[in-house]
Amino acid sequence: MTLPQIFFAYFFVMILGLAVMVVTRRNLVHAVLWMLLMFVHIGGLYLFLNAEFFAIIQIIVYAGAILVMFLFVLLLLNVKQSLTASLFIRGWQGRAMAVVFLLLVFVISIKNLVIGPRGEYSIQRIEQQGHIKVIGEAMFNDYILPFMIIGLILFVPMIAAAVLAMRRHDGSS
Amino acid sequence: MEFLYTLIINIIKVAVVFGVTLLHVAYATYFERKVIGRMQCRLGPTEVGPMGLLQPFADMFKSLFKEDIIPTKADKAVFFIAPVIVLAPTMTSLSVIPFSEKFIIADINVGMLFILACASLSVYGIILAGWSSGSKYAFFGGIRSAAQVISYEIAMGISLASVFLMAGSVRLDEIVKAQYEYPLSMYAPHLIIGFVVFLIAAFAETNRTPFDLPEAETELVAGYLTEYSGFRYALFFLSEYVAMFIMSSIMTLCFFGGWTIPRFITDILPFLLYVPGIFWFLLKVYFFIFFYYWVRATVPRYRFDQLMKIGWKVLIPLSLFNLLLVAFVKRFVL
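Protein sequences appear in the order of chains A and B.
Residue numbers in the first sequence follow our numbering, run continuously in steps of one, and reach 173 at the last position.
Residue numbers in the second sequence follow our numbering, run continuously in steps of one, and reach 334 at the last position.
Just so you know, not all the hints are guaranteed correct.
[Said to hold, decoys possible] Here are the simulated lysine-lysine pairs, DSS-like style, with alpha carbons at most 25 Å apart:
| hint | chain 1 | residue 1 | chain 2 | residue 2 |
| --- | --- | --- | --- | --- |
| 1 | A | K133 | B | K177 |
| 2 | A | K133 | B | K330 |
| 3 | B | K136 | B | K73 |
[Unchecked claim] DEER-style ranges, computed between Cβ atoms:
| hint | chain 1 | residue 1 | chain 2 | residue 2 | range |
| --- | --- | --- | --- | --- | --- |
| 4 | A | F155 | B | L334 | 30 to 36 Å |
| 5 | A | Q93 | B | K313 | 55 to 61 Å |
| 6 | B | A88 | A | L145 | 40 to 46 Å |
[To be verified] Covered stretches of chain B (in silico footprint by chain A; criterion: 3 or more residues with CB under 8 Å from a CB of chain A, positions within the stretch not fixed):
| hint | region |
| --- | --- |
| 7 | 103-115 |
| 8 | 120-129 |
Derived by calculation from the structure, the hints in this document are not laboratory data.
As the structure is a prediction and not an experimental result, all values here were calculated from the model.
Just so you know, even glycine gets a beta-carbon here, dropped at the ideal spot from N, CA and C.
Make a model of the complete structure from these sequences and hints.
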């Protein structure tokens, strides 16, 4: 095995293993901690693909913002006790069905795998211009409409949250 | 052979930065007690060694040999790992700071963003320290601290975005080089709004007075630190001071020209060009550290709702306005 393959194998095994750790923890705060470790590993995978900007953004946004929100919700709803319900499906019929369904999804997706054509952003061009500049140009010139639509979609829940908070404040509802 | 050589050089660099930082932290505590003592008409530490100069070592040995108390209600694994989660990212972000033109451990393209990522990771240690202690005071301290750090991180990030926009890069050395071309060789006068926002946010990020609510003694004992003792407490203490040094370094690099001195000074006194850059860098960093102590000795603590109001209703709109202004000026005026 070459060095890149060893690295890839490490990330592959670790991300899957950590994901399993996340879903099997009974203590939710521990689950969040394992998830944090998994996000850092995904960041490492991006770094391994020469996407340093994405690696950092992965950590700032997912680990630094979204996961902290998870932790806040857990702590503010006071979910201190571990879950009492069983984590796994009971009965062999249910388990067998889940396995078959997942296998089906895997087989279909691998069968329909199409390797896309190489775009205009080659590694050389990105190295030459700098990641952030290339991403900015693509996002604000080529894909400005999808970008604006995403902004609008993210704006709607913000208004909803503000309205809900205001209603609570008045005492009426 | 080539690989081994780079490895050894890097290990030496890391060891030097690590050792120098630890010494700085030790004497920052001494300096803090002296400065605040003088500002309150006291003498500060005088007993241990000449002028109390050995006081930091006495404190260090004391905290090393103290009993390590673990509360019975604590979640042990998380309780043990929380100080490490705070300290490790904070120490890691030292590796991307250019101390002078040549001396930097890891010269990466996303230097400034890496520091922001590390700052956002160390929040976990604070929340988890509060949660795992199994005490109400610690829990509230942790929650408060996390809310504060996350809110002020936004203002900090946006005010730094205006610096990136001016410099056209997120590499710290290129930011310094771009600043050198401006009339005063620093961004602080040009980006005054961004600088003030960053300065206030830096105080909140490091949990220092006037934003030291997580440690408000009258309400919360010592916040998330309440249940920690001995060496684990020392780790939190260490990371707070290292974070202060990192914030001061960012202010120096992004707003005060890093290791350069303004060109109009070297025009008059050209021999100053021979002074190594690390000297100017440290001088500026020490000034900001002094500023931290100065504020601590003079400004009273804010209430929590005031803190949130300042963060969300003043600093974030101001930093957004500053970003738009800089974008406009950069596009149409310069």
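Evaluation of the provided hints:
With a C-alpha separation of about 19 Å, the suggested pairing of K133/A with K177/B holds against the 25 Å cut-off. A threshold of 25 Å between alpha carbons decides the hint, and for K133/A with K330/B the separation of about 16 Å falls inside it, so the pair holds. For the proposed pair K136/B and K73/B, the alpha carbon gap of about 11 Å is at most 25 Å, so the pair holds. Judged by the Cβ atoms, the range 30 to 36 Å given for F155/A and L334/B holds: they are separated by roughly 31 Å.
Checking the proposed 55 to 61 Å range against Q93/A and K313/B shows it holds: the Cβ atoms sit about 57 Å from each other. Taken as a hint, the range 40 to 46 Å holds for the pair A88/B and L145/A, whose Cβ atoms sit roughly 42 Å apart. Check result for the region 103-115 of chain B against chain A: holds, 5 residues qualifying (beta carbon to beta carbon below 8 Å, three or more required). A count of 6 residues in the region 120-129 of chain B with a Cβ less than 8 Å from any Cβ of chain A is obtained; the coverage claim is therefore met, three being the minimum.
When each numbered hint is compared with the structure, no violation occurs for any of them.
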